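Asker: Protein chains in written order, with full-length UniProt numbering: chain D, 1 to 279; chain R, 1 to 351.
These are calculated hints, taken from the structure and not from any lab test. As the structure is a computational prediction, the values presented were derived from the model and not from experiment. Any given hint could turn out to be false.
[Said to hold, decoys possible] Straight-line distance between alpha carbons at most 25 Å, and here's what the computed DSS-like set of lysine-lysine pairs gives:
no.	chain 1	residue 1	chain 2	residue 2
1	R	Lys-85	R	Lys-97
2	D	Lys-147	R	Lys-81
3	D	Lys-147	R	Lys-85
4	D	Lys-266	R	Lys-97
[Stated by the list, open to error] One side only, chain R facing chain D, incomplete, derived with CB under 7 Å:
no.	residue
5	Leu-127
6	Ile-130
7	Gly-187
8	Met-334
Quick reminder that beta carbons are idealized off the backbone N, C-alpha and C, glycines included.
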Amino acid sequence: MLTKKVTRQELLIIAAARQIQNGDVTILGIGLPIIAGAVAKKTHAPEAVLMMESGICDFEPRILPMHVADASATRGYGYAIDLFSVFTTITHAGYLDKAFLGVGQIDRFGNINTSYLGTPPDAQRITAAGGAPEFYAYAKQSILTMKGGEFVEKLPYLTSPGFLGGGDEREASGRYTPGSGPAVLLTPKGIFKFDKETKEMYLDTLFPGSTVERVKADIPWDLKVADQLGVFPVPTDEEIIALREFSPRSSFSSPVAVQLVFENFKRRIAAQKAAGRAN
Amino acid sequence: MSDKGGSKIMTTREAVSRFVKDGDSLITGNYNESMPISLIYEIIRQRKKGMTYYSQSGSFDAEFLVYGGCVEKMVSAFLYKWGGKGRGGIIEQYQRKGQLLIEDYSNFTYNARLAAGAYGYSYMPVLPAIMDSDVFKYSSFMGDKKFGTTTCPFTGKTIPVVPAANPDVCMLHVQRADQFGNAQHWGGLGSTVHACLASRTILVTCEEIVEPDVIRSSPHHTIVPGFRVSAVIEEPFGCHPFELVGYRGLDTAMFSLMNQAFKADGGLTAFFDEWIYNLPDRNAYIKHYIEVFGQEMLNRYNARSYYSAPANYGIPFQSGWDVDGISNDLGVDMEGLEKLIEEKGDVIDVN
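So that you can see chain D by itself, here it is in the shape it has in the complex:
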């Protein structure tokens, strides 16, 4: 049941959280994925095995981490290994059920760019590859999230291969975990999936306030749309509370959150100085 007011950012996080099933061995990155993981673990997936690639396995999200080795994730965790082991003994060996990956640019077959908005070295940087190419290649399934990124006809730089040219190209190459690849792409406007045969992306579900036309306006190719659009996940109070208990700042868009945090510290310092003078 939902009685609380919900923001657009919160709706996206809950949609992502619902992608994690109980028991899934899941790799999480910073930002939206980790918040989704925290909500899932607190609600419908208490036995999900959450991991971060610095070697923090089976942890309990308590506080929004700022990076993937954040100390807040190591207060009580089940398995302490290093990055090399995460990629080899867990990911490549076939034990990673789900990977959450952030997207800078994406094409119609789910190939991802997180490196350069052009040809290096002259182009604007995004953040670069990080763990994405290998997680995307060897996790059984990948959940993609894109906030502020873009759909492009042709990527200027392909960081992490998705379905390559579509069809069975990924499968036939023999370079990937069989059956792996993007299961879903979540954006603030809706949920996208990939055709089983052609591997081309299509619109599956619209978020409230969005229309097929508005979604299509962002996409440089003729986007296919599901014959019957899905129903977006309406958050429950339980999920919204879990989200806000974990990361109150994440109910807001990033620039608003950054500003609110900065103002809070200014107030704290001022109050402390005033108290100091009073003494």
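Use these hints to put chain R onto chain D, whose structure you have.
Answerer: For chain R alone, kept in the frame of chain D given last:
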């Protein structure tokens, strides 16, 4: 390293001036937790030049080393964009102007280069999907030596490989170490161990220098052995504003201030003067922090303890002789042993 054995305790300034040279390649182990910021600020203060920085997940550590004029080349897998989308990071600006060369890897392929370096191999196989990525296709200063391919002699498959990396200097900050350099860290490990063991010289700052017996009763926390370490520095807050498991959290107040410095015109130059050049060492840095933010703010980030369950390393006998001085194997005391030797031993004349 000239001398073997003995105490390696020194100051940060001494360690950097003795062991870090212009033109060296430099590496920090972890992601951001326990990043050796005190050592990095000292390198900037000593105005080291022409360095190559190996940075798996760069944050302001990388931005500052570049802005401070220390680094001309980077080997990198990820860079947090300080300065945001609009202005872009320092690294991005320098790279686009051609003042900085960057070789981009993924986290795994970056780490595989260090693993090869640590194990003494000349190269390391990596996972085949990277061959479909532009990370494999584009290169910078490494040219065609960034990746290679080989054929598996058993399956006949083509395998991508990366060359070993052996940086000159690895720097790390840890919870505790002894005077010999046995360094203990707990928390997210990232590629720290491979970064250390691949490097020729290792510099360790720690929150506390402890007695060797503390190390010997908890060897599972030792991530680098003393015989590989060149300098040990007791440097509380050595990774501030980054966090250290068991000591303090990431200082978001300082991060917020740095965020503003990256965004304002001239903000970074002013920040460098105030927080790096005008402060001689970490003590002065923390004093200045308290002046600016207050002691209360610093205390807010103190960790509340959550202790690891002790591991019992006990054994039944402390030597070949039990508590009564009787040999566990032979059932005699030392005198008895001598008698036994006379009776049954193959005694030889050595006089």
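Asker: For this structure, which hints from the list above don't hold up?
Answerer: 4, 8
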